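Given these sequences and hints, build the entire structure.
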Amino acid sequence: MLTFVDSVSEAVSGIKDGSTVMIGGFGNAGQPFELIDALMDCGAKDLTVVNNNAGQGDQGLALLIKEGRVKKMICSFPRQSDSWHFDAKFHAREIELELVPQGNLAERIRAAGAGIGGFFTPTGYGTMLAEGKETRIIDGRGQVFETPIHADVALIKALKADGVGNLVYRKTARNFGPIMAAAAKHTVVQVSEIVPTGGLDPENVVTPGIYVNSIVKVA
Amino acid sequence: MSIATSIQTSGMPLGRHELAELVARDIAPGSFVNLGIGQPTLVSNYLKPEQNITLHTENGMLGMGPAAEGDDIDGDLINAGKIPVTELPGASYFHHADSFAIMRGGHLDICVLGAFQVSATGDLANWHTGAPDAIPAVGGAMDLATGAKDVFVMMTLLTREGASKIVDACTYPLTGVGCVTRVYTDKAVFLTGPDGVQVRETFGCTLEELQELVPVPLKAAPAVAG
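So the protein sequences, as listed, match chains A and B. With my numbering, the residue at position 130 of the first sequence is 130, and numbering never jumps. With my numbering, the residue at position 158 of the second sequence is 158, and numbering never jumps.
If you're looking for bench data, these hints aren't it; they were derived computationally from the structure. It is possible that part of the hints are untrue.
[What the hints assert, rightly or not] A few chain A residues that don't get close to chain B, going by computed Cβ distances all over 10 Å:
{"#": "1", "residue": "19"}
{"#": "2", "residue": "34"}
{"#": "3", "residue": "69"}
{"#": "4", "residue": "94"}
{"#": "5", "residue": "115"}
{"#": "6", "residue": "137"}
{"#": "7", "residue": "142"}
{"#": "8", "residue": "145"}
{"#": "9", "residue": "172"}
{"#": "10", "residue": "175"}
{"#": "11", "residue": "208"}
[Claimed, not checked] Computed Cβ-Cβ distance ranges for the label pairs, DEER-style:
{"#": "12", "chain 1": "B", "residue 1": "65", "chain 2": "A", "residue 2": "98", "range": "32 to 38 Å"}
{"#": "13", "chain 1": "A", "residue 1": "92", "chain 2": "B", "residue 2": "162", "range": "35 to 41 Å"}
{"#": "14", "chain 1": "B", "residue 1": "38", "chain 2": "A", "residue 2": "185", "range": "18 to 24 Å"}
{"#": "15", "chain 1": "B", "residue 1": "217", "chain 2": "A", "residue 2": "185", "range": "55 to 61 Å"}
{"#": "16", "chain 1": "A", "residue 1": "57", "chain 2": "B", "residue 2": "10", "range": "26 to 32 Å"}
{"#": "17", "chain 1": "A", "residue 1": "139", "chain 2": "B", "residue 2": "219", "range": "26 to 32 Å"}
{"#": "18", "chain 1": "A", "residue 1": "193", "chain 2": "B", "residue 2": "17", "range": "25 to 31 Å"}
Quantities reported herein were computed from a predicted structural model and do not represent experimental measurements. Glycine included, every Cβ here is placed at the ideal spot set by N, Cα and C.
As structure tokens, then:
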């Protein structure tokens with residue numbers, strides 16, 4: 001069921017200790033900073049977080065990691081010039097890392113939303129990231145079996161929502177939003193604008209409202 | 001005719017900008033191309049409008065334009081290196097799963113990547129030094145290596161210590177197996193594949209001098225007609 005909530009704290013209130021949380025964004029584009037701040041304030045811990053990166057600088061996901069609230073990161077690119085909070089936790093062995101090639105990460109998320117039990121992909125075949133995984137030769141190419149990534153909650157950012165939760169995004173801020181919205185049991189979206197039902201051209205809707213549970217407008 | 005005279009040899013090793021210019025010239029008109037982070041990005045400076053090249057960025061865009069400056073900087077419009085860029089007429093946006101389907105599905109003609117090592121049979125190592133304390137970060141490197149029809153590598157031939165980065169077998173962790181088709185270096189252009197390493201042209205050295213530096217057997221590539 002879709003609800004429109006008044007505050008980001010209400011929007012993230014379903015996140016419990018031990019939840020798996022998908023967080024949209026690639027770099028700063030599409031990162032739901034306000035929702036991440038609310039997650040910080042709500043106190044939930046032992047989280048498994050799915051994001052492309054593992055926090056940058058001293059904001060958002062980086063702070064969640066710094067405060068020891070993230071038990072495990074599932075991501076493709078944790079190490080950056082400003083990922084010092086993740087780096088410190090990793091070297092102290094206080095955070096678990098599941099490193100996934102970026103396209104496999106995206107497809108595993110997509111698979112979860114699409115009800116797919118897994119898939120074979122050439123990406124990663126013959127590398128250390130395929131160690132211990134089932135492999136097959138398909139159409140003459142080595143391929144690796146990858147499983148879906150499900151989540152309890154997804155926190156994403158879109159540009160606009162209409163009254164039934166249809167979403168449109170803006171430029172490369174779209175990134176993981178549509179697939180995370182489908183993969184999570186409960187999808188929370190922060191938007192810049194809410195328009196009346198009928199206010200979005202159905203031909204241009206990117207995420208249909210069926211995937212969306214909670215919408216909050218962020219100034 | 002000796003082997004050495006059957007390939008083009010020019011006087012000086014190439015600088016990184018000259019190398020980028022050479023790669024740009026070798027990209028066929030109408031190609032869909034992904035340029036990796038770092039040195040490969042320089043290639044875009046030398047693509048000519050008449051080549052009609054469409055650039056893909058894996059964070060979800062085709063038709064990427066040059067880096068954004070001044071008022072054109074938009075936090076929602078960045079490339080895979082998280083640098084603000086611009087959109088060209090005809091650009092399109094898509095989500096991450098579609099973007100990597102474009103790659104994995106073999107729809108990109110060429111990707112250009114940096115490398116630590118390339119093996120004689122085109123194995124690529126470019127994501128991880130394997131050092132015990134290094135935090136591994138792969139990003140889209142494995143997807144790019146696996147997906148594009150042609151994988152071009154741009155790198156210096158030698159490490160700072162003087163070791164060849166073209167090797168019999170990679171000692172760094174692999175990014176992809178048998179995926180590299182061409183290696184552009186300051187000293188030569190190499191063609192890699194199941195049949196071993198061929199040299200298309202050299203810069204500032206002969207094929208014999210190049211062979212002294214590279215620990216795998218080199219042969220001259222068949223001359224290209226025209």
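Original post:
What are the numbers of the hints the structure violates, in ascending order?
Top reply: 7, 9, 10, 14, 16, 18
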